[in-house]
Structures are given as C-alpha cells and as structure tokens.
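Working from the sequences, and respecting the hints, build out all of it.
Residues per chain are reported as follows:
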Amino acid sequence: MRTQNATAYRFLTPYLLIFAIFWIWPIISSFIISFQATRTVPWRFAPTFNWGRLIGDPAFYNALKNTLLILVIQVPVMIALAIVMAVLLNSPLLKARGLYRFAFFAPVVVGEVAYSAVFRLMFSLDFGIVNKLLESVGLAKIDWFSNVTPAMALIMIAVTWRWAGYNAIIILAGLQSIPEDVYEAATLDRVSKLRQFFYITLPLLKPVIVFCAVLSIIGTMQLFTEPFLITERGGPGGGTETLGLLLYRQGFRSLNFGYASAVAYTMAGLAIAITLVQLWLMREPK
Amino acid sequence: MAAVTLTNVVKRFGIFEVVHGANIDIADGEFVVFVGPSGCGKSTLLRMIAGLEDISGGDIAIGGKVINDVEPADRGIAMVFQSYALYPHMTVEQNLSFGLRMNGNPKADTERRVKRAAEILRIDELMQRRPKQLSGGQRQRVAIGRAIVREPQVFLFDEPLSNLDAELRVQMRVEISRLHKELGVTMIYVTHDQTEAMTLADRIVVLKAGNVEQIGAPLDLYDDPANRFVAGFIGSPKMNFLSAKVVETTNSAAIIELAHHGGARLRKPLCETFPALGAEVVLGVRPEHFFEAGEGDCDIPVKADVAEHLGSVSYVYANAGPEELIVEREASRQRASGDHFTVSIKTERALLFDKAGARIR
Ligand SMILES: Nc1ncnc2c1ncn2[C@@H]1O[C@H](COP(=O)(O)OP(=O)(O)OP(=O)(O)O)[C@@H](O)[C@H]1O
Ligand SMILES: [Mg+2]
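Line by line, the protein sequences are chains H and X. For what it's worth, the numbering used here labels the leading residue of the first sequence as 590, then goes sequentially. For what it's worth, the numbering used here labels the leading residue of the second sequence as 811, then goes sequentially.
Rather than coming from a laboratory, the hints here were simulated on the basis of the structure. Glycine included, C-beta positions come from ideal geometry on N, C-alpha and C. Treat the hints with caution; some may be incorrect.
As the list claims (entries may be wrong) - Quick partial rundown of chain X residues pointing at chain H, CB under 7 Å, derived from the structure:
1) Val880
2) Pro882
3) Ala883
4) Met889
5) Phe891
6) Ser893
7) Met912
8) Asn913
9) Gly914
10) Pro916
11) Ser1154
So, in structure tokens, the structure goes:
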C-alpha cells in the first residue's frame, strides 16, 4: 500500500509542482501582498494600507454595488430560464433534441472576444438589429452604451445568453434522474402536470439548482469579460464597473498589486459568504 | 368495488402489436394474477387498465363502464409499482396523503384514511421518515398504503415483491393476501413468479407473447392445463415432457410408445381429440407423479444424475437416453449419482399434447 502511494505521488509530481507554483503560491502570495504598500519601492509591510483604503473607496463601493446588482437580478432570471429550457429539452414532444442541446451549449464554447463583438454590433445605436427590431414594433431605440441602466441590462442579457444553456444542460441531467414512475403515480393521484412540476420536479431538482446557483454566483462575482469588452471597461463612466474590472484596473493598469490583491480577497470572501448563506437557506429540512 | 372486463384488448407500440386481443373477465372482489414469461405483455395490460398506456383496440370496462377514454385518476383504480415510485422528498405521511391533499379532500377525512392505512400496514412508527430511510419491505408497505388511502375499487400490482429478498417476499405475500380478505376489493396482480401466482390468486391468467393462454383457478391450471405452455409454466419444478409416438388407436383411446425408453407403451383413454396413427406426441408428467416401480401403468428405467435434497422432498435429475427427467422422491439421502432405478407413470396422471403443444384429451 505504502509503496503504491509513493509511486502514485511520483507520477503526480509534475502536476503537483505546477499546481503549487501557479495556484497555491499566487494564492498565498497575493494574501501577503494585500498587506503591503506596493506603490513604493521597495514594497513595505503596511497592514492597514490597502484594507483601510478599500473601506473608504467610493470606486470599490460602486463596483461592489454593480456586481451585487447584476448578481441578484441576473442569477435568478438565468436559473429560472435554464429550468424552463431544461424542461422543454426533456419533453418527449421535442423533435431534433440533439440539435437544441448543442445550440443551448454552444455559447459557452464561442470565444469571448468574438461573442462580445457580435453583441456590440447587435446592440449598436444606429445599425444594431436590436434597435431595428424595437423601432419596427414602434418603440424608441435605446442607446445601450451611453446610459447606465441600459448598459447594466445589456451586461445581464449577455451573461444570461452565454450561461443559461450551460445551466440548462446540468439541470436536464437532474431532470432525467427523476424516475418516470413517480410522475405516473402522481398522475394516478390526480395531480396536474403543472402541480407535478411544482410539487415533485422542483423539490427533486433542488440540489441541482443549488449547485447551478453556486456556480453562477461564483462566476458573476468574478464578472470581467462582458463589462470589459461589451461596455468598454465598465462604461459609461464606471456605470458597469464590476469588482473584477476594478481589480484589473488597479492591478494591471495602475500596477497597484497590493490593492488589487485586497480586492481579489474581498471578491473571494464575498462569494464564499453568499454561497454559505445560500446553502444554509436551501438546506434539507431534517 | 367493481368487476373488470377486457374485451378484445389490443396494444400496439408503433407497428409492433404486443397484446393481440385479450379477453378477460374479472369478477368483483376477485384476486386475479397475470403470469407469464418476461416480455409477454403483463405490465402493458395492467398499465392499460390503469390508464398509463392508451388502448389500441378493444374495450376495458370497470364496474360495467367502458373506461377507454376516462382519465387514469377517474377510473377508481390504485396502482402499486415494482419500484415503489414513492415521492422521495416527502415523508411517509406526506406520501400517503399527497393525492388527497392535492384534490382538496377534507383534512379530517384525509387524516382518517392515512391513519387507517398506517394501521392496516403497521407503518405507524414510520410516518415521519423519508423513503430513503426505509427498508425495501417498508417502502413496499408505504406504496401499498398510498394505494389504500385512495379507497379504490380495483388495486393493480405490478410485480410488487420482485425487489425484495426471498424471506420478505413470502411475508409480504401473506400480507397482501390478508389485505385482500380485509378490504374485499378486486385486485389484479402481475408477476412472473408462478409460486406467487399459485398462492395468491383466485384465478390466474397465463399470458404468452401477448396472448391469453388460459384463465383458471390455480389448481385447475395445475391439474388441467389447456396446453403444453401452461403445463410447463405452472408447477415447480417444471413438468417433464417425454416424446412419444401414437402406435395404435381405438375409438376411445390411443396407445403411445415412448421414444427414448426402450419401447415402453402406455394406453391413454381419450374422449375429445384423436391423434392420427403414427403422429408424434408429447407426454407430460409432473415430477411428483412418477411412482415407484410397478405402481403405475408403465415402468421406465432411469439413471440418477444429480439429487437436490430440500428436506421434505428430494428432486432427482435423472437421465434416460437423451431426455432429462426430474423425479420427486421422498426425502432420501441414498440416491446418488449413477444409481439406476425405475419409475412408473400412471395413465391418469399423465397429460398428452400434440406436436404443436395443444392438449389431447
Ligand atoms: N413503450 C414501449 N415501446 C415499445 N415496446 C414496448 C414498450 N413497452 C413495452 N414494450 C414491449 O411490449 C412487450 C410487453 O412488455 P411488458 O412490459 O408488458 O412485458 P412484461 O410481461 O411486463 O415483462 P416483464 O416480466 O419483463 O415485466 C415487450 O415485448 C416490450 O418490448
Ligand atoms: Mg413488467
């Protein structure tokens, strides 16, 4: 047994080394850096320098507010949408199921830059198909990029478009694990299809939905691509700046690694806290 | 309570016809068991009665009313599934009451029915548990309880005991029998286990590949099977089939010669069908109907191969030429491999079938 383990670890060494250097070390290192003033050379230990600044920084609160706003609106909407999509995908009436499954999953595979460019085109003020459609039904066109509310909505739409299908596929797997005869029993119990959904399907899907919600919360806490590429670095005027973007701006534009590390730890801490609250709220009744 | 009548019931899945015109009359309060080998259409028939499969042809009536187009929940039936089909996220109590609660049944009545079902099945102590905290037998009880609270006119069981171990199966079998006596309602029970069929049924319906082969009381099927399939299916161990040939006919009997037993002959009195001279026939003899040498009408020598000693009886697997026979003997430790002994067949304890398997009598 011993020697077997030793052999296994020898095989694992290359991976463990890379893991240690590129994962473990940065995690520890950034924690240390978050307690250092990094605008001076050499960096010096100053425990309250970054964290103190964070507590009083309006840019941080702005990014936090934007991130949480996107989180509380986008995640529930997307999960609800994903459940609907999964139920439709699971319907025996559906033809060409494989095609839909692929179509729903495809956005995840599409390159981020390409998809952002397409979104910018689709939502462009004068040439975008979205505004054309709005005008064609008699609505006013929207300047998606210069006003904060439409810009935030755009971010949420984009993120939802990109991840709803992915979550739907996961939820579909959960749906398929519910045995058919439970529904047959309910049919014999004179429970309508709609009630079967609310009283049987949803409760049985709960673990899967919680799983999807946790993944989505973690993802949205780190939201970066969409505000960076679609609304051009958190525009208009920081109106869509997220914590991820703030981190990037501080760390890689201003080269203020200490402050960026503090922001990073805040993001991770918040994600963990929200997830724990979520898990606690959705816990199995004893 | 209600009678169930199936008239020329046909089921097709796409182009495949899996039930070919079943006619079955089930009396009010009767316990009827559908048996047959795997894939013969037992579950399909039951699910058509339940309304979980639609009916491709013919009529099904419950309590005199054709229910082909009646919603499953309005047919007055309750079904117990092989896999229990309990609601996994609900407690036992919620499982039992779910259907009633969803249909706005008065609370007091729901409580009364749940309490009664729990008492009948002795699951009072389990009411607050969830299905995954129950053993297989307890789950099965809950599944039956869920059927009881609906107070149906007809109970449908689809192999309810096949996921249980042997001992529990016997115990639950007795309980289902007791339940039938207590409730007195019609029960239709599907199984492929002929022991279950024999012990539970008022009448058995034997199915084969979507056809009803025979309907009758257990002992009638045992004593007087309509064909070779039923004869072989009912009874354990199986009936022995010995090939033979008609060598002489009279106007009230046929004399047959066994093919592999040194020209042994047997005179079989007949009254309905008369096989042609020279026709190949099959003689069916149950293991328990081989008598000691000289006691019957025709002795055949055999050689013991393997003996199974069950305590009360022993089954000797014996060879005679190319035919393997199973012979029941009183418990004995002596019979060993290679022993030669002689068994005797009594005419009235042997059944005759033609080559196609139809009974000759
Ligand atoms: N949904 C379906 N689509 C197509 N064929 C089916 C379907 N359900 C059942 N069949 C076919 O119908 C026949 C009867 O099936 P059924 O389930 O009634 O058998 P059974 O007698 O209950 O067998 P078992 O003892 O294995 O449960 C089988 O040949 C089966 O392949
Ligand atoms: Mg079956």
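(request) Please write out, lowest number first, the hints stated earlier that are contradicted by the structure. (result) 1, 9, 10 and 11
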